[in-house]
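Fit chain L to the known structure of chain D by using the hints.
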Amino acid sequence: MNRQVISILVDNQSGVLSRVAGLFSRRGYNIDSLSVGETETANLSRMTIVARGDDATLEQIKKQLNKLVDVIRVISLASEESVYRELVLLKVGAPSTNRAGISEIVDIFRAKIIDVASESMTVEITGDESKIKAFIELMQPYGIKEIVRTGLTALQRGDRDIKH
Amino acid sequence: MKAADAIVKCLQKENVEIVFGYPGGAVLPLYESLRSSSIKHILVRQEQAAVHSASGYARSLGRVGVAIGTSGPGATNLITGIATAYMDSIPMVVFTGQVSTELMGRDVFQEVDITGATEPFIKHSYLVKDATQIPRIIKEAFHLASTGRPGPVLIDVPKDVQNDRLDYVYPQDVSIRGYKPTVQGHMGQIKRAIRKLRNSKRPLICVGGGILRSKAQEELANFVTKAKIPVVHTLMGIGALPVDHPYYFGMVGSHGFAHANRAVSQSDLLVVIGARVADRATAGPGLFAKNAEIIHIDIDPAEIGKNLGTLIPTVGDAKNILQQLIKGITSLATDQWVQNLREIKDSQKDVLFEDRVGVNPKVILKTLGGILEDTAIVTADVGQNQIWAARNFPVTGKRQLLTSGGLGTMGYSLPAAVGAKIACPDYQVVAVVGDGGFQMSMFELGTMAQNGLPLVILLFNNSRLGMVRELQNDGYGECFGIDLTGNPDFIKLVGAYGFSGIRVHNDDQFADAMKTGLAATKPFLVECIVDPKESTL
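Residue numbers (this note's numbering), protein chains in the order written: chain D, 9 to 172; chain L, 529 to 1065.
It is possible that part of the hints are untrue.
[Claimed, not checked] Simulated crosslink set (DSSO-like; lysine-lysine; CA at most 27 Å straight-line):
| # | chain 1 | residue 1 | chain 2 | residue 2 |
| --- | --- | --- | --- | --- |
| 1 | D | Lys-71 | L | Lys-855 |
| 2 | L | Lys-708 | D | Lys-71 |
| 3 | L | Lys-657 | D | Lys-75 |
| 4 | L | Lys-743 | D | Lys-171 |
[Claimed, not checked] For each label pair, taking beta carbons as the anchor points, the in silico distance ranges come out as:
| # | chain 1 | residue 1 | chain 2 | residue 2 | range |
| --- | --- | --- | --- | --- | --- |
| 5 | L | Thr-710 | D | Thr-49 | 35 to 41 Å |
| 6 | D | Val-91 | L | Thr-660 | 38 to 44 Å |
| 7 | D | Met-9 | L | Gln-978 | 55 to 61 Å |
| 8 | D | Thr-49 | L | Gln-661 | 18 to 24 Å |
| 9 | D | Ala-29 | L | Thr-1044 | 52 to 58 Å |
| 10 | L | Asn-868 | D | Glu-88 | 34 to 40 Å |
Keep in mind that the hints were calculated from the coordinates and are not lab data.
Glycine included, each C-beta is placed from N, C-alpha and C at the ideal position.
This is chain D alone, in the form it adopts within the complex (with noise of 0.2 Å):
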């Protein structure tokens, strides 16, 4: 099975979420993160979802998605071309012994704290896959109260966009 970024420029009208969404489940295809949001244009949405399947499946997924109407253009975004991020915030229980080494990692990792509390401190970190991968379980220790991710977002290196 490969894995591959799908991006989509989509006509914000109100049911294409479902629509696309539907899509998947209808069709049995894996699906493993979905994000949407606004562009530079007003009313056009772009999604970014990353599928897996073998490569007919994949082939399949993008057909599909253009035959819906609300859906304008979509790409497949290789590694080697793209670049992927991800924000992810995390609750990280954080009693004041352990402040200064949840502190230290968040540096390395150039990621954030946005919030302390007396037991617990939120972090937020951004990147690829493998960055998150390795923060998340260097927090792991310290008992990670609640993760939440926004799912890969990616665009075309260089000087192309979905448009052309």
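Frame of chain D; chain L shown alone:
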């Protein structure tokens, strides 16, 4: 202008003359505007029939069908019809009333999320929240329904929006950024296909419903005649090439003919046109045409490579691509191959079953072929009657056979026949149906009566769900067979609606009964008694 009036104006702009529907509270503003318009409304007796009738209308005329229902249960009743139309790529625009905008999302009386419910099996849908968008949406809906790979489009209009006001201007053009179907075939691919055909020893063409949707029957006949390539077809491809064409070699698939399936397995180059070749057309994934290289021509790029590994994919409209192929092709040296296929075809014999009680449905449908005119429209339901019709009723000349191929929807035949008869009042229309499917749509006898439609219902009554019985017998043993004890006396039943009927017990009685039916000025029932043990093939 009131939005409901604008909807009617837009429909008139799209040359809609007839709509099929069933009213209810949330769609009454639209009905009020329809009432005072030139558009004729055919009242069905249940919403599913409105969609099937719109389908029969659309298919027989090659135009967009229109169906209307109300919110809630009206909308959910439309669903099976919409899915049926989607699977068979039938151009259709469906309107539903919706509860008023301020009530939406509160689970009020007769509220249902119909755009959400139909999402998996509809080409596109609109929930109209702003009345000023109505002209654009309707223009887009008809464009989407009828171009590219055709299909149903839903427009859900809340009641308060129907009563809103707008400045009516019907747009001239459609511009949908995410919808640009490829019509012209890629010349490079077409040239590659022609080169492959020239080098092929046993070329074969397999066509589906795409030929009919594209109205490419003439181009197909010209191409195969010029190139001398034999043709097989799927269930949806019935009518793509007349059965008496010299290169016609029958229907493929699990219910197709052995000689057609043999042709597929012996071919070294298969050209699939306008067919998705799903499970019913093949013996299983990877088994179809395993000795052949595949050229796949389809307007929907997603169909190419979905079920078949393809050497030369060609996206585009079948008519357009066939015109290009005709220009590029010369007569191929296929005489020996065609001769072989003819010998195989001629050596096939029907399964013998002599001690039957009642008629032989296969003989009946062949006899029907001798009786009907060259323009007749036959609808078939689902089950044994469908396969009997598909295999034995000869679609020649301009005849059409309309049936639910993809979804396999029982209850399709009667309302589809209503739609076809309303679309083509001068053509003979015969609805082939079993006693199971008849009872799924028999409320449509009311629609036939109200509109005085002189069509003939050809009912095969075996008091069984024949195909289910056959599958159960094969899979689970004799004792699980379903029977339909409790069937009415069908002649009396149509009598209650004011029609006549004749019951036929043997093959010899059929022709006279059918001729009587065709001469009638009202709907007519020809009920054939069929042995429950009668086989499908």
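- In rising order, the numbers of the hints this structure does not comply with: 1, 4, 5, 10
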